[in-house]
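Engineer: These protein sequences, in sequence, are chains A and B.
Mapping the first sequence onto my numbering, position 128 (from 1) lands on 128, and the numbers just tick up by one.
Mapping the second sequence onto my numbering, position 179 (from 1) lands on 1179, and the numbers just tick up by one.
Please keep in mind that the hints were generated in silico from the structure rather than gathered at the bench.
Among these hints, one or two may not hold up.
What the hints assert, rightly or not - Straight-line Cα separation of at most 25 Å, DSS-like style, residue types lysine-lysine; simulated pairs: (1) B/K1091 with A/K305; (2) A/K91 with B/K1117; (3) B/K1411 with B/K1213; (4) B/K1091 with A/K117; (5) B/K1254 with A/K305; (6) A/K91 with B/K1305; (7) A/K254 with B/K1305; (8) B/K1213 with B/K1408; (9) A/K411 with A/K213; (10) B/K1392 with B/K1411; (11) A/K211 with A/K411.
Said to hold, decoys possible - Cβ pair distances, simulated, as ranges: (12) A/N309 with B/Q1142: 36 to 42 Å; (13) A/N309 with B/A1407: 47 to 53 Å; (14) A/S134 with B/N1111: 36 to 42 Å; (15) A/S402 with B/Y1308: 50 to 56 Å.
As the list claims (entries may be wrong) - Every beta carbon over 12 Å from chain A, so not counted as near; a handful from chain B, in silico: (16) D1160; (17) F1163; (18) L1208; (19) N1278; (20) P1279; (21) E1356; (22) K1392; (23) V1395; (24) E1404; (25) K1408.
Remember, predicted model here, so these are calculated numbers, not experimental data.
For every residue, glycine included, the Cβ atom is placed at its ideal position computed from N, Cα and C.
There are 2 protein chains.
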Amino acid sequence: MGVGHSSLSSCSVDSLCIIAFTAQPKTSSFSNSNRQKPLFPTKKHSPFAVLKIGTLNCARVAGEMEIGKGIAAAGKPIVDLHGIDDGLIQKIVYDALVWSSLHGLLVGDRNDQRSGKLPGVGMVHAPIALLPTSFPESHWKQACELAPIFNELIDRVSLDGKFLQDSLARTKKVDAFTSRLLDIHSKILEMNKKEEIRLGLHRSDYMLDEKTKLLLQIEFNTISSSFAGLGCLVTDLHRTLLDDYGEDLGLDSKRIPGNTATGQFAEALAKAWTEYNNPRAVAMIVVQTEERNMYDQHWLCTVLKERYNVRTIRKTLAEIDSEGQLLPDGTFLVGGQAVAVVYFRAGYAPTDYPSESEWRARLLMEQSSAIKCPSISYHLAGTKKIQQELAKPNVLEKFLESKEDIAKLRKCFAGLWSLVDSDITKKAIEKPELFVMKPQREGGGSIS
Amino acid sequence: MGVGHSSLSSCSVDSLCIIAFTAQPKTSSFSNSNRQKPLFPTKKHSPFAVLKIGTLNCARVAGEMEIGKGIAAAGKPIVDLHGIDDGLIQKIVYDALVWSSLHGLLVGDRNDQRSGKLPGVGMVHAPIALLPTSFPESHWKQACELAPIFNELIDRVSLDGKFLQDSLARTKKVDAFTSRLLDIHSKILEMNKKEEIRLGLHRSDYMLDEKTKLLLQIEFNTISSSFAGLGCLVTDLHRTLLDDYGEDLGLDSKRIPGNTATGQFAEALAKAWTEYNNPRAVAMIVVQTEERNMYDQHWLCTVLKERYNVRTIRKTLAEIDSEGQLLPDGTFLVGGQAVAVVYFRAGYAPTDYPSESEWRARLLMEQSSAIKCPSISYHLAGTKKIQQELAKPNVLEKFLESKEDIAKLRKCFAGLWSLVDSDITKKAIEKPELFVMKPQREGGGSIS
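With the rest of the complex left out, here is chain A:
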């Protein structure tokens, strides 16, 4: 467990206010091993996806989304809804619901048992913020600048097997899940297997600190970073609503920044697929047995097919165990089909591994030549414990050369402590409003 320090008086832990930036995949996150062939520009400003758990009739779904790696956007709303005519708000809400329905801004409704297994049934509009939230342009640019540096850092950390094993040695003893991940990591190290092509689709979550006005990082997601698909649609929805009601609200749709996260994620997956260089191979999405955020994933697959003609298949870890086959040359077949890219939208939580079958599947994929997004190393590099290690003095310097980059990263580090630190634990018990307790693993949510 890690305890994240929080002094955001405007955001309670319950409302889980986090700005979600879709990090831009870049050289370090998707590169060949000798780093001679950058596939993405470095340090380019990246667009971002903002999704807020709003006040629409979706409180229940919002809770569900958090479990499913949900995102919530921070800050004060641009408009104080209490000051607006109720009839106008109802009109905007109605239009937002219609727009979401017609444009695929959907999730499965957990009231419908089939909705997590089949597309096209039991659908409900995604939980959304009715209107965009203000965010300082300077901090937005800062977050965009940070994205490629974090990607570079994660890539370098992922290549240092000893650092990962050592840093997580203590966690290994108390956390059976991380322990199993580390076992796979050890086996890969023993094989002396190098991931020559590496792909990361990351999302860095920030809070704006009210007191210091600093952009503080909450966590960096290296596995199953969701909402690239739906987040873009939220941007489109907000633009449409402001085109229609902006005058009444005193808001200008042109001030909403662009959001091309879906396209960028698809582009990155397509580049990885191209690098793998087997035109008959597919991209495989590793999915949970029930997935109510499936339309976010389907958008990505749709763009991947339409723009790059890359076909995807969807398999659970159990299906991969039963249908998967590793050929001597490293080719990974599922149901007889070669897999170029494995994109994890499952496998980040202990519940994704109910039996040995799922662990076998994870190991098999890791041993193959398929490009894993993420590899076991990227997955481990994204744990809170590693985030905590990287925040210690002189650790960043081991992985990055540029002092400027290091300074930029440090500036966004919020305090991060382990529960074994008795002083800080005592302080947290005394003043719980200053802290956020986060689980070690992925999957969203906080511990209250």
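Based on the hints, put chain B in the right spot on chain A.
Structural biologist: What follows is chain B alone, placed relative to chain A:
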């Protein structure tokens, strides 16, 4: 009641196989009274919307759609699904469901009580044919040619108040609903009120007769002709599926004809709105209290807003009764807002008028200067009884001059008999497989 003769051995009454053509609005259906200013080209080939109640997991919904003025497409499928690998069919079905979800090809799920009242909740994919159905090009062109002639005919018939009253005099005695419509019609005749701008959004339903290879008309819908919105999407879906699987199926997506029904309906509504010439007025959709086919309507309103900046409001007949106000100059206000165009997606069935309130609303709108789509005259002109009258010798000649046009219409007339004809009733009892029994009113479905 009318009995429609049917000799289609390939289509049983139960499966209700009807090809639905979206008739093109044209001069006669949308014209000023002196007919000097045609707003739509005459006799231009019109695209059509085909929607088939398919074999997807939607048998229940299909039933619902029939009640809600559903459409089903006829003919043999291009591909014999029994000959195709089951795995391939499952893939196509999955893709079709994903596509429908992401692109708004939706209806409300009647298992969800809220789904008929609120958008964005309890949604399910629309019932669709998985693949397009073959249809002879010559018959398609014939149907396109017929559309403007039928529009012209309906317009002329609508202007002959005496013909409508006389033809429906017998129906009036036995059908309370038609009787109420005729009462409104009489009041309007007494007022000597002329509809100077008339708008019709029609759909003509045909069957292909297997024995004679003739295109036979089943009915002509002048009120609440649905599926312009979803029908276009089905065309897009089929094109996408054939782009992906056409090679496996031996089908070419380029052979699917274009479908611009949504755009044409929106264009017609926008032209009517422009003719009304009050930039602050809205278009009003008259809706049922529960409407699970709402997304079909929302697509139309979305295009109307995006392309023509015409705002729409949605009101039930009861709401119109309580919020409506007729000004001395004929202006119709609802909730204080001037209404330029009234577009009926309700009001065609007796159940739409549970009390006197709804009838008051209908009369009030009819008395106003708002452009009704349809007017009471257009509504009555679309009844089966009028269709039957028009099929009698020398009746078409009263309304149309062109012998060529008259011949074209006659060619597509299927036999149509009233139940008062004892000979035909006897024949129908002896050979029920040769007949379809249709209700006098709108609302779809057959009587078995």
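Engineer: Next, verify each hint and record whether it holds.
Structural biologist: Going down the list of hints, with the structure as the test:
no., hint, in the structure
1, B/K1091 with A/K305, "holds (14 Å)"
2, A/K91 with B/K1117, "holds (15 Å)"
3, B/K1411 with B/K1213, "holds (11 Å)"
4, B/K1091 with A/K117, "holds (15 Å)"
5, B/K1254 with A/K305, "holds (19 Å)"
6, A/K91 with B/K1305, "holds (14 Å)"
7, A/K254 with B/K1305, "holds (19 Å)"
8, B/K1213 with B/K1408, "holds (15 Å)"
9, A/K411 with A/K213, "holds (11 Å)"
10, B/K1392 with B/K1411, "holds (13 Å)"
11, A/K211 with A/K411, "holds (15 Å)"
12, A/N309 with B/Q1142: 36 to 42 Å, "holds (39 Å)"
13, A/N309 with B/A1407: 47 to 53 Å, "holds (51 Å)"
14, A/S134 with B/N1111: 36 to 42 Å, "holds (41 Å)"
15, A/S402 with B/Y1308: 50 to 56 Å, "holds (54 Å)"
16, D1160, "holds (40 Å)"
17, F1163, "holds (41 Å)"
18, L1208, "holds (30 Å)"
19, N1278, "holds (20 Å)"
20, P1279, "holds (15 Å)"
21, E1356, "holds (28 Å)"
22, K1392, "holds (45 Å)"
23, V1395, "holds (44 Å)"
24, E1404, "holds (42 Å)"
25, K1408, "holds (38 Å)"
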